[in-house]
Amino acid sequence: MNSSLLISVRLHEGWYHGAGDTPSPARMFQALVAGAGLGGPLDQETRESLRWLEMRKEPPIVGAPHTTKGQSFVNFVPNNDLDAKQGDHRRIGDIRTKKVIAPLLFDEEIPFLFAWKLSAVDDAQSAEQVCRLADRVYQLGRAVDLAWAWGEVLPHDELEERLNYYPGIVRYPSVGTGTVDCPTTGSLDSLIRRHAAAAERFDLSSDGKGQTFRRRPKPKWKKVSYQGGGSRFVVELRQTDKDAFAPWPLDRSTQLVETVRDVVAERLRGALQDRVVQIDQCLIGRRPNGENAGPTAARVRFIPLPSIGHSQADMQIRRVLIDIPAECPLRVDDLLWAVSGVRIPHSQFDVVDITTSSDEGQLEHFGVSRPARVWRTVTPAALPAERRRIDPQRVRSDDSEKKSASERSTEQARAAAATAQALRHGGITTDVNSIRVQREPFDQRGSRVEGFAAGTRFDKHRLWHVELEFDSPVSGPVVLGDGRFLGLGVMRPVSSAAGVFAFSIDSGLAAEPDAERLAKALRRAVMARVRDVLGTHRIGTYFSGHGEDGSPGRTEDAPHLAFVFDPLSRQLLVLTPQLFDKRHGPRATDNLATLESALEGFHELRAGVDGHLRIRPAPIDANSHGLFAASTVWQSTTPYCVNRHARRSSADVVLTRDVLADCERRGLPRPDVVVLKWNAPRGVGLQGWLRLKFSQSIVGPILLGRTRHLGGGVFRSDRSESGDSC
11 MNSSLLISVR
21 LHEGWYHGAG
31 DTPSPARMFQ
41 ALVAGAGLGG
51 PLDQETRESL
61 RWLEMRKEPP
71 IVGAPHTTKG
81 QSFVNFVPNN
91 DLDAKQGDHR
101 RIGDIRTKKV
111 IAPLLFDEEI
121 PFLFAWKLSA
131 VDDAQSAEQV
141 CRLADRVYQL
151 GRAVDLAWAW
161 GEVLPHDELE
171 ERLNYYPGIV
181 RYPSVGTGTV
191 DCPTTGSLDS
201 LIRRHAAAAE
211 RFDLSSDGKG
221 QTFRRRPKPK
231 WKKVSYQGGG
241 SRFVVELRQT
251 DKDAFAPWPL
261 DRSTQLVETV
271 RDVVAERLRG
281 ALQDRVVQID
291 QCLIGRRPNG
301 ENAGPTAARV
311 RFIPLPSIGH
321 SQADMQIRRV
331 LIDIPAECPL
341 RVDDLLWAVS
351 GVRIPHSQFD
361 VVDITTSSDE
371 GQLEHFGVSR
381 PARVWRTVTP
391 AALPAERRRI
401 DPQRVRSDDS
411 EKKSASERST
421 EQARAAAATA
431 QALRHGGITT
441 DVNSIRVQRE
451 PFDQRGSRVE
461 GFAAGTRFDK
471 HRLWHVELEF
481 DSPVSGPVVL
491 GDGRFLGLGV
501 MRPVSSAAGV
511 FAFSIDSGLA
521 AEPDAERLAK
531 ALRRAVMARV
541 RDVLGTHRIG
551 TYFSGHGEDG
561 SPGRTEDAPH
571 LAFVFDPLSR
581 QLLVLTPQLF
591 DKRHGPRATD
601 NLATLESALE
611 GFHELRAGVD
621 GHLRIRPAPI
631 DANSHGLFAA
641 STVWQSTTPY
651 CVNRHARRSS
661 ADVVLTRDVL
671 ADCERRGLPR
681 PDVVVLKWNA
691 PRGVGLQGWL
701 RLKFSQSIVG
711 PILLGRTRHL
721 GGGVFRSDRS
731 ESGDSC
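Sequential numbering from 11 applies to the sequence shown in the working numbering.
There is no bait here: all hints are sound.
20 Å max Cα-Cα, derived EDC-like pairs, lysine to aspartate or glutamate:
1. Lys-252 x Asp-369
2. Lys-252 x Asp-363
3. Lys-127 x Glu-168
4. Lys-127 x Glu-170
5. Lys-687 x Asp-662
The set of hints was computed from the structure by calculation and includes no laboratory data. Small disclaimer: the values here were computed from a predicted structure and weren't measured.
Build the full structure now, drawing on both the sequences and the hints.
Listed below in structure tokens is the structure:
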């Protein structure tokens with residue numbers, strides 16, 4: 011049976027003066043080394059057991075009592091710079107420096123826990139030796155933090171049971187680099203070197219008249235993230251008379267959260283009458299007398315989960331995620347009991363049942379197991395930045411009532427600044443590259459912000475839909491704003507389609523741009539940037555579409571990039587051949603890495619008569635973007651140019667035959683073709699605008715014809731004609 015090593019530590023007094031919010035695993039390791047070294051140098055058995063502990067691949071699970079910051083005080087101490095006073099101890103008062111001390115206060119009856127999960131092949135003898143070393147611990151943290159400890163080797167099941175009933179905060183290590191120090195291979199040797207260097211900190215200066223100070227080497231630790239604490243579970247809204255969902259309107263998300271929250275709080279108050287204050291603090295956010303008290307980090311979040319993940323999902327709420335932070339003093343099983351089997355009123359079904367669910371697949375659509383850089387609100391965020399109210403009765407007759415462009419820009423800038431503050435309040439510290447705010451929803455079936463204000467304490471002028479682009483991927487759930495505990499500010503990740511590099515045009519575009527001319531300008535710019543990355547003019551067929559001798563590259567022999575301008579979304583796109591040509595195999599990793607490097611920092615495009623463009627990287631939501639979303643009907647955005655000019659046939663027949671042959675070459679099923687219009691410009695040849703109807707939904711992009719690599723033959727999904735919308 012697999013077992014675990016558990017070290018429990020009790021402090022004599024309910025305070026801790028060390029660094030960090032709680033003692034780190036590195037501090038525990040130091041305490042073991044210090045306790046073992048009281049009797050002199052470490053023996054071989056002790057060294058082997060400590061090296062065994064530092065080599066554990068998984069960082070330990072950490073349990074700590076709930077802490078509060080105590081009153082800070084100032085102490086003046088020497089700053090280790092006596093050599094500046096020629097070593098004269100009588101002048102030590104001249105170099106004293108201020109040191110602020112702020113202990114953490116906690117219940118000394120609750121021990122700190124450090125648990126390492128052991129595999130079957132781990133050495134039980136080393137674990138038992140570590141338990142004996144724990145008996146020799148005498149302090150944890152600074153010299154004033156006197157403590158004692160004991161170690162145990164437990165079965166996994168018993169450890170999980172203890173952690174479940176632990177009255178403090180249990181934190182589990184999570185993926186990624188964090189800020190918590192943990193022992194790693196070499197930690198023991200670094201501590202031994204640091205201890206030995208203490209005897210050599212002071213040395214005579216070269217002239218023999220003074221002393222020099224030598225800094226001791228720092229101990230070796232690894233940084234670990236402990237952001238994975240807490241628990242969460244999903245509940246569903248079910249009809250009482252049959253096994254079916256009871257969908258709740260998206261714009262009534264606040265009413266749903268308040269109803270479920272109040273029912274859960276009432277059940278807990280009746281069952282745990284001695285903990286009413288904690289229940290109200292963690293669920294309602296205030297004490298029974300109305301005072302606002304308690305840290306927001308300990309509050310339970312009821313997060314509505316609208317049905318998303320497909321372009322035709324109706325975005326009604328069928329599930330609610332209950333997110334319980336590690337700091338919450340309420341037990342998870344108590345909350346699970348309180349929410350299970352309750353009934354709440356419903357506008358359509360009279361009453362509905364709240365049932366727990368083991369299906370957590372919907373959480374992936376909200377980034378729980380899928381970190382992303384770009385996030386968009388599903389329910390609007392409530393921000394302190396308000397918009398000026400426009401009187402609908404006066405706006406038609408009084409031009410001064412209308413907002414100018416500068417006023418709208420100022421309002422959006424204030425909302426963006428408020429969003430940055432909301433991220434800080436929500437505990438999200440990742441740097442943000444861009445913030446975009448608007449009143450309209452980002453999703454096709456979303457709702458404007460005004461509808462969410464009804465029946466809430468938030469004015470509609472405070473509500474904004476927000477798009478965030480982080481500097482690095484962020485895991486969900488992401489909820490921000492003043493209404494984050496009331497179902498507002500729920501965000502979803504936007505994953506860009508693989509193999510596509512998209513850029514939104516912010517300014518500089520001509521009034522009537524030419525799509526193919528813009529695509530060619532984009533191609534020239536990309537080739538120039540690739541040339542700079544490679545340091546040579548021979549950039550290869552993959553980027554240029556031409557061989558070394560200048561001849562056009564055949565797609566069958568050398569697949570190459572396609573360049574597209576989408577006038578509807580005002581976006582420029584660079585597409586890899588594996589994305590739009592179904593026949594090609596795995597992508598060329600080296601070429602893709604070169605392309606990514608070339609497009610980094612690409613913010614300007616000079617396109618001649620089509621404009622001097624300011625552009626920025628943009629995410630592509632493959633489920634909703636018109637060039638990518640699945641559909642049975644596709645219609646030309648740019649003209650389709652025939653590959654071969656047949657004679658003695660009408661233009662409609664030639665276009666139909668040519669596009670059918672091209673669909674077959676590209677691995678697409680045979681569609682029904684309707685020629686909408688055609689022309690034959692001099693020097694270009696026959697080209698037409700087509701509608702393709704397939705027997706099954708096809709995922710884009712669809713690029714066909716002789717000019718498909720240069721902005722021609724681009725098709726857009728037409729879901730209104732395909733019957734995919736409802």
